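All chains, please: the whole structure from these sequences, using the hints.
Under this note's numbering, think of the first position of the sequence shown as 1049, with each following residue one higher.
Just so you know, these hints were derived from the structure itself, not from any lab. Keep in mind that a hint or two might mislead.
Lysine-lysine pairs mimicking PhoX-like chemistry, simulated, CA-CA at most 20 Å apart [said to hold, decoys possible]: (1) Lys1118 to Lys1549; (2) Lys1287 to Lys1484; (3) Lys1551 to Lys1118; (4) Lys1227 to Lys1133; (5) Lys1483 to Lys1472; (6) Lys1081 to Lys1545; (7) Lys1472 to Lys1287; (8) Lys1358 to Lys1472; (9) Lys1133 to Lys1081; (10) Lys1168 to Lys1113; (11) Lys1081 to Lys1118; (12) Lys1269 to Lys1288; (13) Lys1113 to Lys1101; (14) Lys1168 to Lys1107; (15) Lys1101 to Lys1227; (16) Lys1118 to Lys1080; (17) Lys1455 to Lys1384; (18) Lys1133 to Lys1101; (19) Lys1287 to Lys1231; (20) Lys1101 to Lys1118; (21) Lys1288 to Lys1233; (22) Lys1287 to Lys1233; (23) Lys1288 to Lys1483; (24) Lys1384 to Lys1367; (25) Lys1107 to Lys1118; (26) Lys1367 to Lys1459; (27) Lys1367 to Lys1455; (28) Lys1133 to Lys1231; (29) Lys1390 to Lys1367; (30) Lys1390 to Lys1459; (31) Lys1484 to Lys1472; (32) Lys1549 to Lys1080.
Simulated restraints on C-beta separations [said to hold, decoys possible]: (33) Glu1143 to Gln1381: 54 to 62 Å; (34) Asn1420 to Gly1316: 16 to 24 Å; (35) Ile1504 to Asn1275: 34 to 42 Å; (36) Ser1419 to Pro1377: 54 to 62 Å; (37) Asn1350 to Gly1439: 18 to 26 Å; (38) Lys1287 to Lys1505: 36 to 44 Å; (39) Asn1150 to His1397: 44 to 52 Å; (40) Pro1487 to Ser1188: 32 to 40 Å.
All values derive from a computational prediction rather than experimental measurement. Even for Gly, the Cβ is constructed at its ideal location relative to N, Cα and C.
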Amino acid sequence: MKNNIKIIFIIIAGILIAWIIFQFQSSIINFKKTISDESVEIIENIEDKIYIKIYLEGKLSEGLKELQTKCIELIEELNQYSTHKIEYVLINPSESESKEKNEGYYLQLLESGMNPIWVKNETDTDIYFPAATISYRENSLNTQLFNNESFYDTIDATLDEVESSIQNLEYNIISTIYKITNKRKTIAFIQGNGELDSNGVHSISNTINEFYDVEHFDITKFTDSINANSVQEKINSMKKYTAIIIAKPTITFQNTDLLLLDQYLMNGGKILWVVDGTNSHLNNFNGTYSFPIQNNNLNLNNLFSSYGFKVNSDLIQDKNCRYIPLETPKGIQYYKWPYHLKIFNKNKHTITLGIDTVVSEFTSSITLTDSNISSTSLLYSSTESHLDLEGQYVELSVINNGINEQKFQNKNHIISAVLEGVFKSPFNSNVIQLKKESPETKMIIISDGDIIENRIKAPNFLFELGFDPLERKIFNGNTNFILNSVQYLCGDENLIKIRNKTKMKNEK
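And the structure:
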């Protein structure tokens, strides 16, 4: 009898297991995948429950109702891949019949960083907070669900705006989930050799800080005199940085500075070099009509050579360029200036795929010199460009003489490259124990410091990176290129790929 009961129990258990497997397989078969593989990888690595509050509920316009539907569909699809670790709830911030209570709730949402929109209806204007709060363990972050630059204007929530918001849902939600579920890495802007200060990198620093902690680290300051122990202490203190950025240095590096940067790399660190090849600037005219092209004497050539590249002391002229203003008898006139580049040419690399035009000023060329290092050019000039070499002159007359077609029929010149592999140290020491070879690591070189620098209007107005005062527009390519470079160095390629996918969707 007992055996019969046992057999019956086993049969029932088997049927239940088979039914569960069948249901699971059926759900997979009937489930149409719409998200990227990179999003799936991020979601599958979640260890704990995620709770999402979606502030899109109640009396919604047709467009916002569509946005709500797509948001729910996305979250439910993500939930499938997370093995049901995601829970969500819809919240109507205007659900109370008390105007005072609603306004109190609006204030809470505003103070938490959410942006409202006002949408016209047939008789009135309704306020919405198209955003979500994503919580994981003890942490919470907000993300906007509606793409609109002027949040405090009354809008119609057009089909284009709604469609753009829908296309950005995956990136906005996944990137927020990534931020909240992963330990934040730390990035450092190196100081001590005339690099851009916190104002000069204010715009890009804020962008990077959305994903990483950002610090400024002075490699020239020591708590004690410079000796073997203090240098080793400094090397150890840099190990906490996943990547470092050297942004437009202007003062010669001392050998101790170079040693610290080298040993950071030898310990597996990642470096973004944003370095000028010359000291050229419009201010160099200083009331004259020309100035010589001169090396900026940073003492980096030997270090760069050991890593497999060279930033040349030349300047690229390119027919794809921007304008500069000049005072004339007729007033201020605007002229094409071939030293201020519009960079359209980009390699189809993860870093550059999908980014917009990058703008630069007085840009040098890069030569890749080591075939043992894997190197890929990222940005380069057009074929209608040529080089002015060190010792030649930058002359204002170029704006009047026009473009010499024969002079501009040349090859592309590299402006940025990524180098990956095992790097060799050029340093030797009998006093301090140095690493002579790095593990597999990577660095990116950009041959113009202006690509990362935001404009500053005295006394303290800081423009967004890529802002062009003459065209009165922001070239977002600069910000996206630098952010992609940092995320690539930090091993966060999935975020870049999801962002690229979103951009390509919006362009269709």
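Structure-based check of all given hints:
The straight-line distance between the Cα atoms of Lys1118 and Lys1549 is roughly 17 Å, inside the 20 Å bound, and the hint therefore holds. Among the hinted pairs, Lys1287 with Lys1484 is consistent with the structure: their alpha-carbon atoms are about 16 Å apart, no more than 20 Å. Taking the CA atoms of Lys1551 and Lys1118, the gap is about 18 Å. The hint holds against a cut of 20 Å. Between the alpha carbons of Lys1227 and Lys1133 the distance comes to roughly 17 Å, so the proposed pair stays at or under 20 Å and holds.
Between the alpha carbons of Lys1483 and Lys1472 the distance comes to roughly 9 Å, so the proposed pair stays at or under 20 Å and holds. Among the hinted pairs, Lys1081 with Lys1545 is consistent with the structure: their alpha-carbon atoms are about 17 Å apart, no more than 20 Å. The suggested pairing of Lys1472 with Lys1287 holds, with an alpha-carbon distance near 18 Å, which does not exceed 20 Å. The suggested pairing of Lys1358 with Lys1472 holds, with an alpha-carbon distance near 15 Å, which does not exceed 20 Å.
For the hint linking Lys1133 to Lys1081, the alpha-carbon distance of about 18 Å falls within 20 Å, and the restraint holds. With a C-alpha separation of about 15 Å, the suggested pair Lys1168 and Lys1113 falls inside the 20 Å cut-off, and the hint holds. Only pairs whose Cα atoms come within 20 Å are accepted, and Lys1081 paired with Lys1118 is accepted, the gap being roughly 14 Å. This hinted pair checks out: Lys1269 and Lys1288 have alpha carbons roughly 18 Å apart, not beyond 20 Å.
A C-alpha spacing of about 16 Å is found between Lys1113 and Lys1101, which places the hinted pair at or below 20 Å, so the restraint holds. Proximity of Lys1168 to Lys1107 is assessed by CA-CA distance (about 12 Å); at most 20 Å being required, the pair is judged to hold. At roughly 17 Å between alpha-carbon atoms, Lys1101 and Lys1227 fall within 20 Å of each other, so this suggested pair holds. Between Lys1118 and Lys1080, the direct Cα distance comes to roughly 14 Å. Compliance with the 20 Å bound is thereby established for this hinted pair.
Distance check on the hinted pair: Lys1455 and Lys1384 sit about 16 Å apart at the alpha-carbon level, within 20 Å; holds. Annotation: proposed proximity of Lys1133 to Lys1101 holds, straight-line Cα distance about 14 Å (limit 20 Å). Of the pairs offered as hints, the one joining Lys1287 and Lys1231 holds, with about 16 Å between alpha carbons and a cut-off of 20 Å not exceeded. Taking the CA atoms of Lys1101 and Lys1118, the gap is near 15 Å; set against the 20 Å cutoff, the hint holds.
Distance restraint check for Lys1288 and Lys1233: the Cα-Cα separation of roughly 9 Å lies within the 20 Å cut-off, and the hinted pair is therefore satisfied. At roughly 12 Å between alpha-carbon atoms, Lys1287 and Lys1233 fall within 20 Å of each other, so this suggested pair holds. In summary, the hint linking Lys1288 to Lys1483 is supported, as the alpha carbons are separated by about 17 Å, within the 20 Å threshold. Between Lys1384 and Lys1367 the alpha-carbon distance is near 9 Å, which keeps this suggested pair within the 20 Å criterion.
Of the supplied pair hints, the one linking Lys1107 and Lys1118 holds, its CA atoms being roughly 17 Å apart against a limit of 20 Å. A C-alpha spacing of about 13 Å is found between Lys1367 and Lys1459, which places the hinted pair at or below 20 Å, so the restraint holds. Pair hint Lys1367 plus Lys1455 holds up; C-alpha atoms about 11 Å apart against a cutoff of 20 Å. For the given pair, Lys1133 sits about 19 Å from Lys1231 by alpha-carbon distance, which is consistent with the 20 Å threshold.
A distance of roughly 9 Å separates the Cα atoms of Lys1390 and Lys1367; the hinted pair therefore holds under the 20 Å criterion. Only pairs whose Cα atoms come within 20 Å are accepted, and Lys1390 paired with Lys1459 is accepted, the gap being roughly 16 Å. For the hint pairing Lys1484 with Lys1472, the CA-to-CA distance comes to about 6 Å; that is within 20 Å, so the pair holds. Pair hint Lys1549 plus Lys1080 holds up; C-alpha atoms about 18 Å apart against a cutoff of 20 Å.
Against the hinted window of 54 to 62 Å, the Cβ-Cβ separation of Glu1143 and Gln1381 comes to about 59 Å, which satisfies the hint. For Asn1420 and Gly1316, the Cβ-Cβ distance of about 18 Å falls inside the hinted range of 16 to 24 Å, so the restraint holds. Range check, Ile1504 to Asn1275: about 38 Å between beta-carbon atoms, so the 34 to 42 Å window is met. A C-beta distance of roughly 55 Å is found between Ser1419 and Pro1377, which places it inside the suggested range of 54 to 62 Å.
Between Asn1350 and Gly1439 the CB atoms are about 21 Å apart, so this pair conforms to the stated range of 18 to 26 Å. At about 38 Å, the CB distance of Lys1287 to Lys1505 agrees with the hint of 36 to 44 Å. The hinted window of 44 to 52 Å between Asn1150 and His1397 holds, with their beta carbons roughly 49 Å apart. The supplied range of 32 to 40 Å is met by Pro1487 and Ser1188, whose beta-carbon atoms lie about 36 Å from each other.
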